[in-house]
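As they're listed, the protein sequences go chains Z and D.
The first sequence: position 344 = 344 (my numbering), numbered continuously.
The second sequence: position 27 = 27 (my numbering), numbered continuously.
In short, the hints are calculated from the structure, not lab data.
Positions of the beta carbon are idealized from the N, C-alpha and C atoms, including for glycine.
Possibly wrong hints are sitting among the right ones.
Cβ-Cβ distance ranges computed for the label pairs, FRET-style [stated by the list, open to error]:
#1 Z:300 to D:216: 22 to 32 Å
#2 D:136 to Z:462: 22 to 32 Å
#3 D:216 to Z:392: 33 to 43 Å
Cut-off 27 Å, straight-line C-alpha distance, at most; resulting in silico cross-link-like pairs (DSSO-like, lysine-lysine) [as the list claims (entries may be wrong)]:
#4 Z:290 to D:204
#5 Z:284 to Z:252
#6 Z:252 to D:89
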Amino acid sequence: MALPERLQRTISTTSFRVAAITVAAYLAFAGLVVGFLLWQTNRVMTSQVLATLDGEAQQLRAEEQAGGTQALVRAVETRSSSGGPGLYFLGDARGTKLAGNLSRLPPEVAGSPTGGVFRYSPDIASAREHLAVAIPVKVGGGLMLIVGRDVEDQRRFASEMGTVYFLALGFLTLGGLVAGIAIGRVALRRIETINVAARSIMDGDLSRRIAVTGSGDEYDALALNLNAMLDRIEALMNGLREVSDNIAHDLKTPLTRLRNAAEAALRETGEDAYRVGLEHTIEKADELIKTFNSLLLVARLEAGALEGNAERFDIGRAVRDVAELYEPVAEERNMQLHVNVGSVPEFTGNRQLIVQAVVNLIENAIKYSGKRQQTDDALISIDLKDRADAVDIIVGDNGPGIAEEDRERVLKRFVRLEKSRTEPGTGLGLSLVQAVARLHGGSVRLEDNAPGLRVVLTLPRRPSEG
Amino acid sequence: MHVLVVEDDRETAQFLQKALKESGHAADLAEDGETGQSMAEQGVYDVLIVDRMLPRLDGLSMIRELRSRGVRTPVLILSALGEVDDRVKGLRAGGDDYLTKPYAYSELLARVEALTRRAVPEEQETRYVVDGLVLDRLSHRVTRDGEAIQLQPREYRLLEYLMKHAGQVVTRTMLLEHVWDYHFDPQTNVIDVHVSRLRAKIDKNFDKPLLHTVRGAGYTIRDGSA
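Isolated chain D, as found in the complex (with noise of 0.2 Å):
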């Protein structure tokens, strides 16, 4: 995956094209706004990773300019400003998704991948299938190994979401915005909770287990122990 990072802060800047390179992804740098909307303009990214606050073409008017331009790569924006409004003015921009500084990698990287897979026209799929688990999106049933796995509604749209970033790491975040659509670090394990019950129909009466806790991160549903 090619990503383009828009960040003027060198250190930060090179923090991430480092990691990002250690998670197989290959990164480019741009420290300012205009810079990085010609590069971006190029059309070869899979990406784009930009802050708000750029010299000489802020982020959100970069972003707007590019989407006026026809530019469609997905866009995640990095912020210090974290209230409501803000993610609300960012999205409403062009930005895909919006993560507030200070930020922790693997949430960055977990929302990143989410993005890249999100360009590919796979919403528009009706079935979603990991290993034996399937889901139906259009009769909203699920089985594993053909046998029907019942489950609560918001338990449904948490597999959902899970198994349409399968194999990519979910961070709980990520589960709180779009299932619960919340913007809010909880201080108690409720998603864990939500996830170990969801686990316990899914994975309890199998040999095989598919929804792995990913240490430090969040969780994945996978084909494979690994």
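With the rest of the complex left out, here is chain Z (with noise of 0.2 Å):
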């Protein structure tokens, strides 16, 4: 049977845990009111019974005084007599009943001068007792008289009370501990639910992501986090092959290039062509070297944190500096270079890296406006949008664009589209700007400038750090 497991497994969550210590918490405290409750109610029903008492042995004394003890006699019969919770006893100083509906005197009360607890049988027939209070009331004549009260209905319903309260106790110890198992089945069986698919994960289905209820409680918070952490292992797995697949290709391209060239040149003869395929061998291998530093710079940015890189700059002038480098390039190529950027004085960041990115995004602008149709002019602009949160900086060309479907595969490395494949440049660039934004908690966004491509650089103003 697994139950008996089950049931100890709920008993071992934590949720069931917390439950039993909550509801145990809760007892102890809810015992100590009732407690006090009885205890209060118990000592205000006696003090007013006391209270009655008095008044009652004040007036019988008034009585005796008034009329002797032959008074006094008649009083206790009366009152005897008129079937009220009353109890009297008076006797003489032997213990002889003279008159009263008590049958004895009552030997825990004889014997206390003030008082006393005692039980009595009012009926000869029944054997059952009640229970009764009464006091001593000094009288002259050498008698004794006993002035009491019946107090077996107090009594009862004291003891009734208590009952109910410790059933409530019970209920609710019993409520608490169910509620507390139910919890824990329903929390072990999310936890479950979580279990099996990181099983499966591990298992090697990648895709697997865990179900989601909907009802955004913690649990489904933690499925989400779990879930954008295995999407973006995956995103990671992905790239990871195919960026060997590229690099394969990218890679191995210019290394048979440079082999190509050095065989060239053995074939050939004279000093002039060895040192023209020399030269050319070098250009091939120096293309190499930079790929594979982009390449490594990449890996270390997405690897790596900004603390302790960051300074602050005004990114505003960082990207005008920029584009004024590129100004000539622009120039030289017949392109206009639009630029329209304020000063943002106040901007923490890596400005190395983020000069880079800006680079980057200008030298793929320049590349592609040279592919427009010709009947335009190229126009490429540079823009800067200070926000209160973040700093966009826009780089636009009117070239052939990248149509939508691709634009999100661009980002990712050494992704060249099969148009650009044939043109020089790593396949790195937009990477690198990605990897950039992501450092500084930021977005690449490429959009259509109609015509051409628009790349949003997304930058987050960090907290001021003093």
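Dock the two chains into a complex; use the hints.
Listed below in structure tokens is the structure:
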């Protein structure tokens, strides 16, 4: 039978334990409150009874003073036969009963000057005893007077109250435990679905995700976070696969070219031909080094943190400086460079990396503006939008643009659209821009510039570090 | 020029020794940080080329140690780590320049030669002169054969850096680092465009060109066409 094991697992869950501890603490507190209430009720009732008894004693003493012993005996007899809760016993010095409805002198009261509690049987026929309270009253003539009260009703009331309280506590305990077990079960089931999903992911099904119930509770939040983490891992894994495929292409191609150049030079004769061949070889090797360096930088950015390398600088000025650096390049190619960038002095970030990202965007824009429809003038725009919580650096061109379905893909490492595979370049430019954006907690967006491409690099402001 | 190469990879070290010799410089080798440090302390070297990762004593500690003992020999740090913060760490330890592996030998040579020049207290020079070209560092005026040449601020700084290293090869990366303070590899010929603009201003109307392109390496300003 699986139930005991399941029960045991339920009991060992955190939610059950929390429920159990809560119930125990609640019960202890409730017990204290109930005990105090019972004690207090009892006290109030007792003092009420005693006050009544005192009043009666005074009345009887007044009768005695007015009419002597005879009057006292009469008064006691009258009261005894009234059928109320009052109890009386008047006896002589030897204890022989003169009047009253008590059959005998209760010894618990007789020996005590302040009175006491005793039991008596009101009905000879029944064996049931009632609880009563009585006090001795000082009277003259060597007589002995006891005035008391039947408190059986109160006693029964108190005992019933006690039972009710006890039952209530019992129900509360039971209810709390049941609720605890139920909560534990629910928690366990939710955790179990996460466990099942995790196990199947470990078994290699990387596309598997944890079910989200849509209730928006903590378990959903956990599931969503885990799923986001899994998405990132899967993206990284796919990225890695894509990178190795592309490395094969993008590094093998220049390596082959390098080898071809060297072989071609070997076949030539004459020092000049050797020199040209070797220079060609070195050029190819330099291209390879550049690709390697970019690849390493992107990899390190993706792994690294910004801390320690951030500085406060005028990002607007930095962008303008880069634009100024490239202005002659654009001019040489008959391209117009429109720069609309103000000053943003209090931006915190890694200046060198941001500059490099902007350089990559401008170099891309220059490269692709050259491929526009020949009817238009090549136009490159560099804008900076200073918003409250972030800075947008926008580089637009009027080149051929990128089809919407390809935009996501080109941000990945080494991805170069088929059309541009033959162009020079490492295929790492935009991945670097994205890595820099990510490092700063920002993002890169590719948009339609109609015509052309517009890249929006968003870099959030970081809280100032003093 | 006498160079000490502190590098634990024997093949790299021997390649450097041979290449430096062919460039007209004498080079000694040290294979670990401790040996490198004791050799450098003799004070006979004009420049030290130090790899960051060395056995026994790493490159940066070695440089720090040398600087604390008053050895002022210029140091070029070689490193496989190329990020900006690594560069900053290297320079903070007392290095004078930083080059990331793999590098082109022409780049290394240009930087080593630039370093040895820097050791001479020529920094305080107020005028740079190459043939008829004169750059006055106080008035920021440039003339050639007495004729004033108008330069943009950036062009002025470009020319100033080239003339400071007159006769030596200056690479594109060095220009990007020292004139623009950028540390990246541009994919376009951005430096060439700036240099050719400068060239148009200082050489165009004169018979003898002074600003030369060195194939596969960079640029140089010198008197004479060879």
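Results for each hint:
no. : hint                       : verdict
1   : Z:300 to D:216: 22 to 32 Å : holds (29 Å)
2   : D:136 to Z:462: 22 to 32 Å : violated (44 Å)
3   : D:216 to Z:392: 33 to 43 Å : holds (40 Å)
4   : Z:290 to D:204             : violated (33 Å)
5   : Z:284 to Z:252             : holds (12 Å)
6   : Z:252 to D:89              : violated (34 Å)
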